[in-house]
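The listed protein sequences correspond, in order, to chains F and B.
Just so we're aligned, residue 2 is where the first sequence starts under our numbering, counting upward by one.
Just so we're aligned, residue 2 is where the second sequence starts under our numbering, counting upward by one.
No wet-lab data here; the hints were simulated from the structure.
In this text, all values refer to a predicted model and were calculated from it rather than measured experimentally.
Possibly wrong hints are sitting among the right ones.
Pairs count within a copy or across copies, as identical chains cannot be separated in the list.
[Unchecked claim] The calculated DSSO-like cross-link candidates involving lysine-lysine, where the alpha carbons are at most 30 Å apart (straight line), are: (1) K231 to K133; (2) K85 to K265; (3) K270 to K74; (4) K215 to K17; (5) K265 to K231; (6) K17 to K74; (7) K270 to K231; (8) K17 to K265; (9) K215 to K231; (10) K265 to K74; (11) K231 to K74; (12) K270 to K133.
There are 2 protein chains.
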Amino acid sequence: MSDHPFSTASSVQALKWSDRGLDVLDQRALPGEVLYQTFDTAAGVAEAISSMRVRGAPAIGIAAAYGVVLGAKHGFARGPAVWKQAIEDDIRRLAESRPTAVNLFWALARMREAISRTEGDPVPQLLAVARKIHEDDFAANLAMGELGANLLAGAQGVLTHCNTGALATGGYGTALGVIRSAWRRGGMERVYATETRPWSQGARLTVWELNQDKIPATLLADSAAAWLMKSGAVQWAVVGADRIAANGDVANKIGTYSLAVLAKHHGVKLMVVAPTSTVDWATASGADIVVEERDQRELLHPCFLEAGSVVGAWNPVFDVTPAALVDAIVTEAGVVLNPSAEAMASLR
Amino acid sequence: MSDHPFSTASSVQALKWSDRGLDVLDQRALPGEVLYQTFDTAAGVAEAISSMRVRGAPAIGIAAAYGVVLGAKHGFARGPAVWKQAIEDDIRRLAESRPTAVNLFWALARMREAISRTEGDPVPQLLAVARKIHEDDFAANLAMGELGANLLAGAQGVLTHCNTGALATGGYGTALGVIRSAWRRGGMERVYATETRPWSQGARLTVWELNQDKIPATLLADSAAAWLMKSGAVQWAVVGADRIAANGDVANKIGTYSLAVLAKHHGVKLMVVAPTSTVDWATASGADIVVEERDQRELLHPCFLEAGSVVGAWNPVFDVTPAALVDAIVTEAGVVLNPSAEAMASLR
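Looking at chain F on its own, in the form it has when it is part of the complex:
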């Protein structure tokens, strides 16, 4: 948002709303190029999501909410009497832009509920709801930042994985928000960021974002994390979550489980940072989570290899870390230490 209400925001903003529409920072072009594109239709925002110009579950939900505002604006201009029917097409298109994103469905449900209450020109009313979704996400990030930074007190080096920062959220970050808060308090000296193959979100996005905010960051190969922990340079690993089971098992970007095992071996503590909306109470444990696999060509093609009868690739999108390897789950509603089904119940 160009008029972001929070002075604590990152200097990096994935999404900016203006009278022209939604400005989206093209994350596919980062860090080579900082390119904002303006989308002024719901279909355009849906395309920005499906093409991965915007990524990160919270950021996707926020973008979709603004997309609904744009749909209502065009629909209402065409016919004030029928726009509530027309907007359903826009919502469907936005819902289909990334089929597995929980935040996306949650944001669209909230916008649909607001639509049902709307009378007259819907734009100011729906824009207020979209802004609220955006600001609530930011406020939740800030609350998690404070809670997580309390735990990080005394840590000089912190390791993180993937990108969970301003780029992935409403402008602050989940795991990277905790790191941001700890840095602002002083004491923390350096963030160590894994490359996060095969999409390299750590190298392309996290290190770039930290550089923009002048937070000292060191990039390393994923496979060097164990050797880094052995050196004593990091006291905590701080990561986000795609889904948290009711017993505290955590599904997150592939490589998180590896860091969890390595952290336990080296006495490095592991913090998972995610809003309560990430906790799936219907999933009893990580054993019930099916891990999606992406196209093996993502690994093979950069090396000019084709999948065939002899050669292939295994490309799981995320992995599941058992609660026993997690020291703390930080949400906006509170911290769960040594998570278990019993301890997690405090969040319900």
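Here the structure of chain F is known, so what remains is to put chain B in place on it, guided by the hints.
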């Protein structure tokens, strides 16, 4: 060698000798392009090594030996009386091509010793020594292959790291040689190869080499190895070594230590395969091994990042795995189970 004496060789040969000179497979172009270049001078071979067209300690030593033959050929043609002085320049140039490669110095010392015994046309005599170095390396690989395959009996899936195959050696491989032998015996179903960032030797070289030899191979991101182990798909991890201390601690490509910790956690066994020349009896333990760091630009530049006061990269070339995490060290002279200073003494 075009006339390779061993029918068991890989279909991939990094080095082939002919009357024209030394044909070197340009490993920088793999797997996009299979490009052999012929070098007919010692300086040319030195350049092929320093530019990393040929890599892998054993392959470098063999290439240098053939380089000495080429130097002697040109020197003897220019002046049969003075070639033994002229060849010293060639040997010096070859020795400087990769300053830390132990096998390189060992091969050059062996060639220099042969030169001192040479009378008349040196080419046939020195070529015989170079061929012997090449064939001895192959024979040692084959011996390790047999010993290692005995240990792998019953393993359906094997994980490997970096490239330790025909490309890195005289035509068979150390760790990948063990995997090759196990595959030929039957029973082993699939090799899992890590990408091996930041140079991607696993993705670029190992998977390509296994594909050439029709050995089923699956590529995975380095950070996915833990999740693979958790799945039960691999029973052994098999890796090479750059240097082995007298107590069995192993310095090898960055990421090996990570795999060792993860293997121990998952009950996956770890095998290190290297010729006895890799054991450095003067190094008491891994604590005495200084880990070289490469230029941080190797990690930053692909992401258009520049090292500065805020952002940097940590790029260790190798790491050190304590002997306690190693189940077996396989050399051509025998196997050391549960390595320790006492157990290693059986190799002396």
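A quick look at each hint next to the structure:
1. K231 to K133: neither (44 Å within a copy, 42 Å between copies)
2. K85 to K265: Neither. Shortest intra-copy (53 Å) and inter-copy (60 Å) distances fail the 30 Å Cα cut-off.
3. K270 to K74: neither (48 Å within a copy, 62 Å between copies)
4. K215 to K17: For K215 and K17, only the intra-copy Cα distance (21 Å) is at most 30 Å; the inter-copy one is 52 Å.
5. K265 to K231: both (11 Å within a copy, 16 Å between copies)
6. K17 to K74: within (17 Å within a copy, 71 Å between copies)
7. K270 to K231: Both: 13 Å inside a chain and 21 Å across chains, each within 30 Å.
8. K17 to K265: neither (40 Å within a copy, 48 Å between copies)
9. K215 to K231: Within one copy, since 27 Å is at most 30 Å while 38 Å is not.
10. K265 to K74: Result: close neither inside a copy nor across copies, 52 Å intra and 59 Å inter.
11. K231 to K74: neither (56 Å within a copy, 51 Å between copies)
12. K270 to K133: Answer is neither; intra-copy 34 Å and inter-copy 53 Å both fail.
Of the hints listed earlier, those the structure fails to meet are numbers 1, 2, 3, 8, 10, 11, 12, in rising order.
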